[in-house]
Amino acid sequence: MNEFYQKDIISIKDFDKENLEKIFAATDKIMNLAPSERREICKGKTLGYLFYEPSTRTRLSFDSAMASIGGNSLGISDVSSSSTQKGESLADTIRIMSIYSDALVLRHTLDGSSRFASEVSEKPVINAGSGTEEHPTQAIQDLFTIKKEKKKIDGLKIGIVGDLKYGRTVYSLLYGLGNYDVDVRLISPESLKIRSDSVYEIKKRLDYTESTNLEEHIDELDVLYVTRIQKERFPDEEEYLKLKGSYVVGLDLLKQMKSDSIILHPLPRIDEISPDVDKTQNAKYFEQAEYGKHVRAALLGLILNENGF
Amino acid sequence: MNEFYQKDIISIKDFDKENLEKIFAATDKIMNLAPSERREICKGKTLGYLFYEPSTRTRLSFDSAMASIGGNSLGISDVSSSSTQKGESLADTIRIMSIYSDALVLRHTLDGSSRFASEVSEKPVINAGSGTEEHPTQAIQDLFTIKKEKKKIDGLKIGIVGDLKYGRTVYSLLYGLGNYDVDVRLISPESLKIRSDSVYEIKKRLDYTESTNLEEHIDELDVLYVTRIQKERFPDEEEYLKLKGSYVVGLDLLKQMKSDSIILHPLPRIDEISPDVDKTQNAKYFEQAEYGKHVRAALLGLILNENGF
Amino acid sequence: MNEFYQKDIISIKDFDKENLEKIFAATDKIMNLAPSERREICKGKTLGYLFYEPSTRTRLSFDSAMASIGGNSLGISDVSSSSTQKGESLADTIRIMSIYSDALVLRHTLDGSSRFASEVSEKPVINAGSGTEEHPTQAIQDLFTIKKEKKKIDGLKIGIVGDLKYGRTVYSLLYGLGNYDVDVRLISPESLKIRSDSVYEIKKRLDYTESTNLEEHIDELDVLYVTRIQKERFPDEEEYLKLKGSYVVGLDLLKQMKSDSIILHPLPRIDEISPDVDKTQNAKYFEQAEYGKHVRAALLGLILNENGF
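Chains as they are written, first to last, in this note's numbering: chain V, 1 to 309; chain C, 1 to 309; chain S, 1 to 309.
Certain hints may be false.
Said to hold, decoys possible - Calculated from the model, a selection of chain C residues having no Cβ within reach of chain S, i.e. all distances over 10 Å: (1) Ser55; (2) Asp92; (3) Ile99; (4) Ile270; (5) Thr280.
Claimed, not checked - Partial pick of chain S residues on the chain V-facing surface, computed with a CB cut under 7 Å: (6) Gly44; (7) Gly70; (8) Asn72; (9) Gln230.
What the hints assert, rightly or not - To spell it out: a stretch of chain S is covered by chain C in this simulated footprint if at least three of its residues, at any positions, have a beta carbon under 8 Å from a beta carbon of chain C; those stretches are: (10) 266 to 272; (11) 285 to 299.
Don't read these hints as lab results, they were simulated from the structure.
Where is the CB? At the ideal position from N, CA and C, for every residue including glycine.
Isolated chain V (complex conformation) (with noise of 0.2 Å):
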């Protein structure tokens, strides 16, 4: 049996190298099959999703990668517009939900929602963005881009930018890169730096330096992670715009980096990547897109098959 059969994906803390080396070789070898071959692996299996914070394009991920292995989805993708909220406790919907799929994804703004819903349902629950902190399945993406673009994530030197207190996406991707030896720099404004509260969770974890300045050790770098400065986190219009321009990575930053350096983004970005970046060889993100779908199946593949694929 494998170690993931049936299992609940909710924390990226949850995961060990070895689980995450097992996740990348599963992901290695959807990606090799025949398109034939991947449609056996989940013939005629169900997803149902549940988005109680909308994002089109982790559900679309997701709906992609279903299809992929040939399988389909349905759910509700903003469960907030929708009849469900006649005043339905969260436990309910779940429950229901479950009955009409063999595995759940579910956004939800608050923290511990995933691991609640995985104690009512029947059935496997992903956590597809929860609260601050989780994103589980786009650390995995973001720590299989780097392992396939760099051949490894030990030693590796990596910058992290933009606004680093808002995105949860950063959070769990430090949170899986603490199961490596690297060398992390955090580079934001001073508004946007961690949050003072997880700073000891991610101590615990993994070393890495703050800074405000993109340029400083720019050219040490092997992967820049980039992050959108989002505006809807903003109470105030004339903060974001002070600060959304600040580090804007173009051609004239990338001319500073090594050769070989490679530039993630989680998308969608607005301007914070230049354009004319995209048809460099660093920039690598509309690859992490494609293999977030790859990744994706890849743990659908092994949650919803006794002896995996």
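Dock chains C and S against the given chain V, drawing on the hints supplied.
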């Protein structure tokens, strides 16, 4: 040829006991098939849905039912907010949807809408709720649940509690129960009793007693069917708040019931049934939801296969 | 290799008569296949859709077409109200959707949007309506319907009536008809005549006469193509109300037409065609909708299979 082939499912009044028992047998058969066998039943067939009144739950029940038997679904989950509403007639919308699919599921606010739809559609029409009285697949699901959990329907004492005035589920269930020899108790506040204009139709089919007191005959019931008091049906919020707590089913009440009695609910519930009832052996509302999926799969399988399955 | 393999469908102007006839032949072939054979054509392939302008009907036509040939669909049916709109560029959205799918269907308000999309997409792009002129699959559907119902296109007298100014369907149809030797009559109120800036392009392709009087040449027409006068295009409701009844096709008018003439309409209709026309042998607009599904299935089959089907 099976008698349901290419037939419309418009009203529960069109079904006699023999029809119902055939659907129950088909549902049992579906439940006993291996998933790969099930998926042959409607392989490659398409279900079209048109929801003029949103109902995520019913839509997902049909969608997952169709997926379980190998088919797929497409349609409009909220016609009122869709571009279809550029002044197009219901007849035209139905005709077009019947081109895109092998069978049509319709939910509509108006009585008679499904009957009308079946007249203009080239494909069989399934009523997924119309007007004030009809929700035939819910009624079949409810009857199947009773049969499955109590091994019979004839001879049972069945209490139906809550908002009996506005919930079409109750009317469909009563018409369906009219095929059996049952003893029905209707329990509701005075202001939420069965509508007087439906009394004649119901009395033609079965006898019932009415009461405002849930505890009165609680110890005699084999089945307690609980319904939600729907806030959106009340012109006055104060009136709603006064009534909604009147018929809460909790462990205290359950203790007064027969040990092998069952509690049903069409879901979603708000607080009519206390969550601590969920884990008792009497709670069968989640089973009821699951049976609903299989009942719908059975109906679709019968409607779309000349020789049944 | 078939000439449409991995090709974009951007403008009806890109199609010559030979291209069109090949698509018609492929459509005929699709219609003659058994459902189980059809479903092999795009088995396991995924169609991605992006609708920046909602159009339930066109989306469902593509969705059902893809289902009929064994593929599945995913995407965003209303981009403007989706979370994708966090300031992401069209180019990025297209690139991501092209990762999730084997071909892309795009509807967009802007002229040139599909051409642009095809340049950034790794997968073939199909224009499902853009700007003021282009809706190539609708035009192919219309031409196929005429061919199918009249056995030919060359030599026919074709009247197009209604709102000729704002409906892009009309422009696409005219450009498509430019490949044939047809006699075209354009009938509209003065204020809704063909836009002057398109006249040159149309006249390069075909000759037409203009009139405000529908009855004038009605007895000569082989095909009457009726279009809706779209309320949402009028700045002034009074102007709309004055005009919308001007060209209603009823049984009276039909009596003046050749007995083997056909009435087409891209649908949805409001009251441009009286419902009592529906049952006459001249009414072919529901057939037209059905052909549209098969035309789209044929196009997808050609685009996604190197050696056709």
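Hint check:
1. The Cβ of Ser55(C) sits about 18 Å from the closest Cβ of chain S, beyond the 10 Å cut-off, so the non-interface label holds.
2. Not every CB of chain S lies more than 10 Å from the CB of Asp92(C), the least distance being 6 Å, so the non-interface label is violated.
3. Once the 10 Å rule is applied to beta carbons, Ile99(C) is inconsistent with being away from chain S; the minimum gap is 5 Å.
4. The beta carbon of Ile270(C) sits about 28 Å from the closest Cβ of chain S, which is more than 10 Å, so the claim that it is off the interface holds.
5. Chain S leaves Thr280(C) outside its interface by the beta-carbon criterion, the shortest separation being 41 Å against a cut-off of 10 Å.
6. A distance limit of 7 Å between C-beta atoms decides the matter here; for Gly44(S) the minimum to chain V is near 5 Å, and the interface restraint holds.
7. For the restraint placing Gly70(S) at the interface with chain V, the shortest Cβ-Cβ distance is roughly 11 Å, beyond the 7 Å limit, so the hint is violated.
8. Satisfaction of the interface hint for Asn72(S) is found here, the shortest Cβ-Cβ separation to chain V being roughly 5 Å, below the 7 Å cut-off.
9. Because the smallest distance between the Cβ of Gln230(S) and any Cβ of chain V comes to about 27 Å, over 7 Å, the interface hint for this residue is violated.
10. Closer than 8 Å: that is the beta-carbon criterion, and the region 266 to 272 of chain S has 4 residues meeting it against chain C, so the requirement of 3 holds.
11. Coverage of a stretch by a chain is defined here by at least three residues with a beta carbon nearer than 8 Å to that chain's beta carbons; for the region 285 to 299 of chain S and chain C the count is 4, and the condition holds.
In terms of the numbered hints stated before, the structure departs from hints 2, 3, 7 and 9, listed from lowest to highest.
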